[in-house]
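First to last, the sequence lines map onto chains A and B. No gaps in the numbering here: position 156 of the first sequence is 156 in my numbering, and each next residue is one more. No gaps in the numbering here: position 40 of the second sequence is 1040 in my numbering, and each next residue is one more.
Please note that the accuracy of each hint is not assured.
[What the hints assert, rightly or not] Derived pair list, reagent style DSBU-like, types lysine-lysine, alpha-carbon separation capped at 35 Å: (1) B:K1012 <-> A:K7; (2) A:K22 <-> B:K1003; (3) A:K83 <-> B:K1073; (4) B:K1003 <-> B:K1073; (5) B:K1084 <-> A:K7; (6) A:K388 <-> A:K270; (7) B:K1076 <-> A:K70.
Treat the hints as calculated values from the structure; they're not laboratory data.
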Amino acid sequence: MNFGYVKDTAGITKPINLDDIKIINVTGDSITIRYNLNGTTNIVDELAFFISFNNTGGISTSQIESQFYKWLENALISTSPLKASLNSAMPQLEIVTAGLINAVGYRDATFLAAVDENAACAASPTATCIVESEVGVPPVGTLVLANPSTNDYEPIADGTYALNILTSKYFISLIGSRIVQITVCPLSLDFVFDPNQQASGTPSDSNYFSLATTNNGFFLNYYGAFAMSPFTGDAGDVFMGCTSLSSLKGSNDRTWPCGYIVNGFLDAAKGLGQLPAFAIQLADPNVASWNGAKLFVSDDYYVTGDYTQATWVSFNEDYWLQGFSNFGNGTQFPAGGITPGVSSLIISASIASDSSTLQPAGRVFTPAGTSISGNAVFGATQYVTLTKTGDLKSSSNCT
Amino acid sequence: MNKYILINQEAKGVLNADKVVGLIGTHDLIDYDVELVGSIPSFRTYLLDDFSGTGALNVNLVLSSELANDQGKAKKLFLDYLVKAFEELSISSTSTVTFYPPKGISIGTVSG
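With the sequences and hints as input, model every part of the structure.
Shown next, in the form of structure tokens:
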């Protein structure tokens, strides 16, 4: 039994097994101790005890390597845990983390330096990182490592940053690459679409955000709309083709909910007035692109009509998994069951058209408009692909 | 020869509570950690032949109400106590030491 010891910036000391080491990789900001000969370029989910550090003493990689092997020699013959401390042997290094990295233990995120909360919450971080936290708001003490390229994990300099995890944005302070303070940013939205502003025979253009699927049979029975003709367009991909745009707001529009409302199939008796509203957060509020934008839904927006007071959640597979098999309040087909439900748009793998990205059959139609938060301007209606994550992609206005 | 850390269910000093509920073999041990996911934190070990995902040994930690409100503190306390047991074992001529969790933490379900 031969162990060394290493203490990270969270103050936690870990033993390092010195008995079955196969390979040691040293860089300017990390030491990787490998216990097998496989995957020697990979760190995540490998037998790789990864030690990441800030090189505060500015010593060279060869010096780090030399000091490490000297420590290893001593640790293998030492009977004192104190003498087997890597920190003591390498005082020029501030060790931020030590241990295996498993993919189930962290989330991917992005970060960007920010001087204060306002700047952080308005920023669009692009530098990739990993956050050692699996759910919710990362607690104080959470490790954050930059991940500039595959298998490269580096400490982040002390300072304040914007941190983006999925659809949530935070203002954080880092010391020793660990969160010492974190503030949740309010959700920043670019567009809000309220279907309750539609009326039979009278479309509200700016709110004409409507959903469809690539399968033209799915919406036929919605709200008892048996008499409706199929949405016209190219056979087989009726909701994907450019001709579908010209059918919006017309008598054959069976997109949900707007097509049903303007054609008189979805009235107050069936939920109009309390229908859920949708909102979109652009990838960049100053760039007019739906690609990478995130879709949200609110079941209480209709109460005040104020998006800052409404509760917004991502319209994604998690929304469905939470039990929203349909679209929200006021959307249950009176006869029982709605086809399609959220699962058809977001989850269904059987009608997936892009298995590599788990892209389901969902499509959304977005109206022209100007961002609330930025200066992005969309001049025309577009159709956009909806993915499981709630992200939008592959937008087109067919021009 | 392998050496073992025996895991006692309760903290030292808890009356009539000397009960070993699991062990950690050190020969193949590569890493361990306390994962803070959900309301019940879990202690996991990672071995040479079982090192990814949920770990080899999975021990649910039962926290006092005070520590339940500060799981980060509970994690650090638990790992601080464990590494002391580790250090004790490394300089001991015996093959086992008993690890007692800190006060406020007891060992719940042990699986692996």
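A quick look at each hint next to the structure:
1. For the hint pairing B:K1012 with A:K7, the CA-to-CA distance comes to about 25 Å; that is within 35 Å, so the pair holds.
2. Of the pairs offered as hints, the one joining A:K22 and B:K1003 holds, with about 22 Å between alpha carbons and a cut-off of 35 Å not exceeded.
3. Using a Cα cut-off of 35 Å, the hinted pair A:K83 and B:K1073 holds, with the two alpha carbons roughly 27 Å apart.
4. Restraint check for B:K1003 and B:K1073: satisfied, since their Cα atoms lie roughly 28 Å apart, inside the 35 Å limit.
5. For the given pair, B:K1084 sits about 13 Å from A:K7 by alpha-carbon distance, which is consistent with the 35 Å threshold.
6. Note on A:K388 and A:K270: the hinted pairing holds, with a Cα-Cα distance of about 27 Å set against a maximum of 35 Å.
7. A distance of roughly 29 Å separates the Cα atoms of B:K1076 and A:K70; the hinted pair therefore holds under the 35 Å criterion.
The earlier numbered hints are all upheld by this structure, with none contradicted.
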